[in-house]
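Student: The listed protein sequences derive, respectively, from chains Y, A and R.
Number 238 in the numbering used here belongs to position 238 of the first sequence; there are no gaps in the numbering.
Number 20 in the numbering used here belongs to position 20 of the second sequence; there are no gaps in the numbering.
Number 123 in the numbering used here belongs to position 123 of the third sequence; there are no gaps in the numbering.
Mixed in with the good hints, there may be bad ones.
Label pairs and their in silico Cβ distance ranges [stated by the list, open to error]:
#	chain 1	residue 1	chain 2	residue 2	range
1	Y	E109	A	S216	47 to 55 Å
2	Y	R218	R	D249	51 to 59 Å
3	A	L157	Y	E109	51 to 59 Å
Hints are computed from structural coordinates only; laboratory data are not their basis.
Where is the CB? At the ideal position from N, CA and C, for every residue including glycine.
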Amino acid sequence: MSDTKPVIVTLTTDFGVGSRYVGAMKGALLSVNPRLTIVDISHSVPHQDIHQGAITLDEATPHFPAGTLHIAVIDPGVGTSRQILYAEFANQRYIAPNNGLLTCLADREEPGSIDPAIMRNVANEQLWSGHREAGVSLTFHGRDIMAPVAAQLSLGLDILELGPELNETDFVRIPLPEAVRVGQKIEGEVVEVDSFGNLITNITAEQLADVPRDESVRVRCDDHETIGIFNAYAEQPPMTLVAVVGSGDKLELAIVDDSAKIMLGVGVGTAVTVAW
Amino acid sequence: MSDTKPVIVTLTTDFGVGSRYVGAMKGALLSVNPRLTIVDISHSVPHQDIHQGAITLDEATPHFPAGTLHIAVIDPGVGTSRQILYAEFANQRYIAPNNGLLTCLADREEPGSIDPAIMRNVANEQLWSGHREAGVSLTFHGRDIMAPVAAQLSLGLDILELGPELNETDFVRIPLPEAVRVGQKIEGEVVEVDSFGNLITNITAEQLADVPRDESVRVRCDDHETIGIFNAYAEQPPMTLVAVVGSGDKLELAIVDDSAKIMLGVGVGTAVTVAW
Amino acid sequence: MSDTKPVIVTLTTDFGVGSRYVGAMKGALLSVNPRLTIVDISHSVPHQDIHQGAITLDEATPHFPAGTLHIAVIDPGVGTSRQILYAEFANQRYIAPNNGLLTCLADREEPGSIDPAIMRNVANEQLWSGHREAGVSLTFHGRDIMAPVAAQLSLGLDILELGPELNETDFVRIPLPEAVRVGQKIEGEVVEVDSFGNLITNITAEQLADVPRDESVRVRCDDHETIGIFNAYAEQPPMTLVAVVGSGDKLELAIVDDSAKIMLGVGVGTAVTVAW
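Construct all of the structure, not just a fragment, from the sequences and the given hints.
Tutor: Written as structure tokens, this is what we have:
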């Protein structure tokens, strides 16, 4: 074992920080493979918010080493007929309910490029953990299905064993708002608010590539406006509204040294426009 | 070292998420054994709440591999004459103040089955960390006693070195409310509220074994009532009060896609009855 | 690899618990060295609060094994000309913005004792992660500079490669209030409030060494007063204001089994005096 590359498993859930459900999942993982490296991405995804979960996975997981196993549990349909899927995107491996959580990651791929051999329905009950006499819990598939399956994959289980192929048409997507460019204007919206209160939009660095950064450009959010697009928050004085291209290559609005969310009283869904 | 099984140490405390006290304990553990795998179960146990700590340990720790060392620090009596104990239940190892934190775990055992050889008073000061010239801190035994002792155990220290045996009569228990069945009625109460706002009761799956699950059964919580017992939250429509047998084999009450705690305005201690 | 000592990297940030930015940093670390042991110290440092970050680092990091790499990201000046520094104090290694975060740790050293060879400006862009085509993000140096540099150090990178020496005069300090003794009185202040609501002051155990602990000593905080200095919280009855010498060898004020912060309505900066 000592020379093999360690296997990393990450967890992204809406269980809440400090939830004992996270501890139980870690126990279930380590019971199968005590050598795993487990990394928490976030347990603060808003409850049942598949959209925010999809963004979190899209922003955080591509930074991990190739082959990392990412488990995502934002799962309002747990215990119903919704599937659990295994998928691979950009050399990262995912186990998640088939409810749209992987939409952003799948949308990064070329259309039609998803190999059905590497998108499976995790339906092989032999791999599940019958922790209760009555079988797996119907309220906690994270502990009883996703964790033991991920741990078995970490030990070399062939993905062919997971269950049948899932076609791209079986793969559930959620609608995601996209920013639109019309002439010298880009219309987008706030899609995420980070813990600093920064407002992260769906306007991409790519869309802004030929947009001037100087005082000819105006960024509006609700009825607030700021002039220019900057590279760093601290290029403007404290308490100023500033537009920057953030670390995820999206336009974001921040109040320097304070919370734009609170100061502007806005949130996810608020319209943002860039005009020049 | 590379072929030995990794030793896992878990932490359950009321220090609060993000408390630097957690970081200090991890440093103290790793200073003795840098190869430890440290897992956070929860640092969000309500301050000084031994009852909630006992439930958390009971629900989360049995999922870990045999031999895992679990440290629990909910310790209002720190620095007084209360003992620190080492105990083993179901192949899991525990270090905790002797204040009732291990009550639920001990209650799972057969009466009289606890071997005093594996319940010790951690009184051997040679094993403590004299981090200060004046000796161990009297306000932080987690860092100065429990962490170094656990780390030494992980390196193979014999439990006979920890200190004298503790008899079962020395073992401190807290009173825990038990649900009672009278005829065709079970009377219990809410004993825990999870981060989703689900109300977890002390009514067990075992007590419900021969209770019908159909519309003949009524579950009351405070002055709210729901009909039937389900297996999954999503078997009922959003915003409905639903009773399910949860992942810890206890009856729980949930509002589908919302917080029962907030919607019903109830919490730990609220009476719950099942009648049919 | 299996016989080498594992390298531990700790993280202290103001990103907020559950921030996906923490996950991204861990991915960036593990992508360079998948064998790292990553430990979270705190992600709850108040946003942009360099002073609280400095205290957290000073209290938690000295407990780690020698050679541990500590990354600290409380970085309001990210993307501007502020430097990123590498420094060593008491056999611990640090990577942080040069903005005062390491003040407390540096102040523990003998004046003039800091070897400029082990304080470097992390300016060698070859070591940075050009995650974007445009180079490193100007809003997230934690992910794109500090994490990859730390991971490369963990693999044996020579600190001479990091960048030029930093003199002690280049090292940024923040002013820290010190308690003053005048006759039979010590005047200090609250410098930190922990998650229990305990008020931690800048009055040190050393300053209290010859101060009586009996009823002749009076501790004042705002317009509240308590008599005597104790060793453990539980030496006084519940709901009592008590002064103890805490686990960091500083005087602290606590309400037994409750929050002194809330009960007294005070916080960081409130004056505390000891008189006898």
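Student: Each hint: holds or not?
Tutor: We went through each hint and held it up to the structure:
no. : hint                        : result
1   : E109/Y - S216/A: 47 to 55 Å : holds, 51 Å
2   : R218/Y - D249/R: 51 to 59 Å : holds, 55 Å
3   : L157/A - E109/Y: 51 to 59 Å : holds, 52 Å
Violation of the numbered hints given earlier is absent; every hint is satisfied by the structure.
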